[in-house]
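Undergrad: Residue numbers (numbering that gives the first Met the number 0), protein chains in the order written: chain A, 0 to 477; chain B, 0 to 483.
In short, the hints are calculated from the structure, not lab data. Possibly wrong hints are sitting among the right ones.
Claimed, not checked - Rough simulated footprint, nothing fancy, chain B against chain A, three-plus residues with beta-carbon under 8 Å: (1) 73-82; (2) 246-253; (3) 276-289; (4) 334-343.
What the hints assert, rightly or not - Derived DSS-like pairs: lysine-lysine, alpha-carbon spacing no greater than 27 Å straight-line: (5) Lys387/B to Lys78/A; (6) Lys114/A to Lys254/A; (7) Lys84/B to Lys60/B; (8) Lys114/A to Lys78/A; (9) Lys78/A to Lys376/B; (10) Lys129/A to Lys376/B; (11) Lys84/B to Lys256/B; (12) Lys390/A to Lys456/A; (13) Lys434/A to Lys390/A.
Using N, Cα and C, we set each Cβ at its ideal position, and we do this for glycine too.
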Amino acid sequence: MEWETVIGLEIHTQLATASKIFSGASTTYGAEPNTQACAVDLGLPGVLPVLNAEAVRMAAKFGLATNSTVASRSVFDRKNYFYPDLPKGYQISQLALPIVHGGYLDIDLDEGVTKRIGITRAHLEEDAGKSLHGSSQGMTGIDLNRAGTPLLEIVSEPEMRSATEAVAYMRKIHSLVRYLDISDGNMQEGSFRCDANVSVRPRGQAEFGVRAEIKNINSFRFVEQAINLEVERQIMLLESGGTVVQETRLFDSDKHETRPMRSKEEANDYRYFPDPDLLPVEIDDDYIEAVRMSLPELPDARKARFVSEHGLSEYDAGVLTASRELADYFEAVVAVAGGQGKLSANWVMGELSGALNKSDRDIADSPVTAAALGVMLQRIEDGTISGKLAKQVFEAMWNGEGSADEIIEQQGLKQISDSSTIEDIIREVLDNNPKQVEQYRGGQEKLFGFFVGQVMKVTQGKANPKQVNELLRKVLDS
Amino acid sequence: MHQKTLVELSAAMQQGRFSSEELTRACLRRISQYDGELNSFITVTEAQALAAAKAADARIKAGTAGPLTGIPFAHKDIFCTRGVKTSCGSRMLDNFIAPYDATVTQKLLEAGAVMVGKTNMDEFAMGSSNETSFYGAVKNPWDETTVPGGSSGGSAAAVAARLVPASTGTDTGGSIRQPAALCGITGVKPTYGRVSRYGMIAFASSLDQGGTFTRTAADAAVMLGAMAGFDSRDSTSVDRPVDDYRSDLNASLQGLKIGLPKEYFGEGLDAGVAAVIEAALEEYRKLGATIIDITLPNTRLSVPTYYVVAPAECSSNLSRFDGVRFGYRASDPKDLEDLYTRSRGEGFGDEVKRRILIGTYALSAGYYDAYYLQAQKVRRLIRDDFLKAFEQVDVIMGPTTPSVAFKLGEKADDPVSMYQSDLYTIAVNLAGLPAMSIPAGFFADLPVGLHIAGNHFAEAKLLNVAHQYQQATDWHTRSPQGFA
């Protein structure tokens, strides 16, 4: 039996507004419990919500960046259920008339293939507080700092057919919200959460199979693992004659399994109705145009421009535009290095990224600025240092020993490019290795590399490799 | 002093005839003397009142006083008052000291009004007789075996008994106008959105409005002027300048067109009440008005529509009372479910529970379309009836209630009968229109109220229409025996 996997993702991203979606309390992460929850967030008797205009703007930005329709009229609804971290006993969300709907994102798969994934809708809602189980005396602590933080819930069409596609989509959304400056996308802090709806069906069948929802997965890796585990589980179940139950499941990364949370059939009746404390959100064409004007260059456009303007491969352009900060850094390097697109790309993706990963830093915290790196690359281009020695220079720069020029000077790393000097050294090497010269002249071409190596050793790597090659050949062949 | 109107008291204090402190003490004495039997107050804020009175006196001396400065008033216990118990008439909030002031509270205090206490009310504003309060029933000063009306029964009784010259109320389906009628005083419910709901504990969000109880329309103009106004903390608050309600009071009623809905004079209306209303209309004719028959065809749908919409909204608004962060919490809960069920089961009274059940049902899957959605559609029809009528007439009149004050306990076991007595007041809440009730006479020695409704934001016109009647008649000056 050939099975096809069907996946839809619901992503909750916290919007990076300074204050909450319906109150003026701060949204800063990490404060002492219950120090960032005002009367409105606490759901005290008599309080009322007031909509944060910036949250609406951010949602509109997302809509425009995903070719969606930004609704000219959207409505907030109350989703009613009881839980201690939900102070009012209802969550203000959007049901029938969300602010954004009907868009898409193109994701990149292997071998240059792209696939279009539909975005059904994106709506605004408030986050709940946090429950900290087992905190004291077997009780649960409730921290309402998070209550009222704005969320944008992004729902995809069930158009992904593998965990790989799902991760690609999730990465794209993650990159986009950060490009748009609408979310910091910090998964550890809970600013970006993913629920995966997974089902399988016999290949060729039109109807969808029964789906399970895996909730609150907070890393790309876990999403991939969770989906694959769930697909395996469902297939095994179906192949052994069982049926899949529609339910909510949790992914346990330690036990490497998904397990049921609660059955969706018995789920709460949320008794949605339009919130009478809030007016419908009305957006006109002028507003949409103003938001459109404020959009930055989007990842896909930027990637295309890197290919055409900087002469990069699709792959390299893709890597460099995955994050806005990285793309900005790269372009700043190119500006200083004088248009050396490929060279800059190699260094940013290679040495720099390697050093960042090793020291667990973000590009924003790089000790080597884009300008400094750009200057170093200029020194490679103008022949002052060789590419190989540049690695040494880079390491010294990373460790704060100074600028490229200062380090080259201090360590005496200037490339030797004077023909007569090199020729003298070559003759010296050949004189000191007469046996190998004879063997080379006798036909062992491979010894050429040996001589080059010896020259490099004598010059401590500073001889210009191109000239060494040319001059060595000239001397040997003479 | 207690027979002087708010306007007269203000003038007297400005003239230095007595101080706000003396006036406040006089009110506190009367409260102490009479409230044992009436039970109109839940909390008396003596120390706070005297401090406010002294501050008011300083302002009066300095010449910076306004028309409300130094005037004692009673505040319905549904408005949050910082540092003062705010119970909403419920065991659920018996232990709740509000940490903030409602906007209305702030406005009145800034105007220099002196809050003497928080008044009794039907629990969570649900009721028409003030019999559902955790703090016991309020008695109608005109006949202490009868109800004062509800839900703002305490505020109405306090003004009727001349304990205070003014009080605040809230009106969702008639909770200011009906008690005003049964207690023989003037009650005003403004246009929806005119008075901020921030800090006014929510019953039905799309219907609730804060308003006033006074003995005259001129007094109401002063109170309303201070309470009304846009509030950025209330998204349903209307950003529209507040009219000077006092400036139009004296306009002539010559040519005024009064609409009389034929649907209001059918079955269910007491003949004695009808007679009083007829006499009042005759007075209006003398003042130069014309009475025009109109029809509000969807009147019979008002009560059912209201009793779907209001409970639905309240079922959600009251979910926050869960024993977790504030309010009543059951002792020794064994788990979360037990905490919820017992805190709410013990904290809420029967009428509140009844309405939460109705509302939950009306919003539930499978019933939402047939009940809540349908009711909201019918609501629009009811509103349209009024808007159409206002193309022909300036104001719409009728009886405020179908009968005079009924006996305590008479309708307590018949909630539907209780609901149906809201017949004349309920429609304007659904339409968001302003309306008032003014004393128009007596039947069986009990007050009868005349209901006057106007178009959106026509409060000035309503007050003018009421004031002119009060210049030509003296029903509003009558006091209940024993409180004169």
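Undergrad: Decide, hint by hint, whether the structure agrees.
TA: Status of the hints after comparison with the structure:
Proximity of the stretch 73-82 of chain A to chain B, defined as three or more residues with a beta carbon under 8 Å from a beta carbon of that chain, is established by the 3 residues found. Against chain B, the stretch 246-253 of chain A contributes 0 residues with a C-beta closer than 8 Å to a partner C-beta. That does not satisfy the three-residue criterion, and the hint is violated. Residue count for the stretch 276-289 of chain A with a Cβ under 8 Å from a Cβ of chain B: 3. That meets the three needed, and the coverage hint holds. Counting residues of the stretch 334-343 of chain A whose beta carbon lies closer than 8 Å to any beta carbon of chain B gives 0, which falls below the threshold of three, so the coverage claim is violated.
Straight-line distance between C-alpha atoms of Lys387/B and Lys78/A comes to about 36 Å, which puts the hinted pair past the 27 Å bound. Between the alpha carbons of Lys114/A and Lys254/A the distance comes to roughly 33 Å, so the proposed pair goes past 27 Å and is violated. Restraint check for Lys84/B and Lys60/B: not satisfied, since their Cα atoms lie roughly 32 Å apart, outside the 27 Å limit. Taking the CA atoms of Lys114/A and Lys78/A, the gap is about 34 Å. The hint is violated against a cut of 27 Å.
With a C-alpha separation of about 21 Å, the suggested pairing of Lys78/A with Lys376/B holds against the 27 Å cut-off. About 39 Å separates the Cα atoms of Lys129/A and Lys376/B, which puts this hinted pair outside 27 Å; it is violated. Distance hint between Lys84/B and Lys256/B is unfulfilled; the C-alpha atoms sit about 46 Å from each other, more than 27 Å. At most 27 Å may separate the alpha-carbon atoms for a hinted pair to count; Lys390/A and Lys456/A meet this at roughly 17 Å.
At roughly 34 Å between alpha-carbon atoms, Lys434/A and Lys390/A are farther apart than 27 Å, so this suggested pair is violated.
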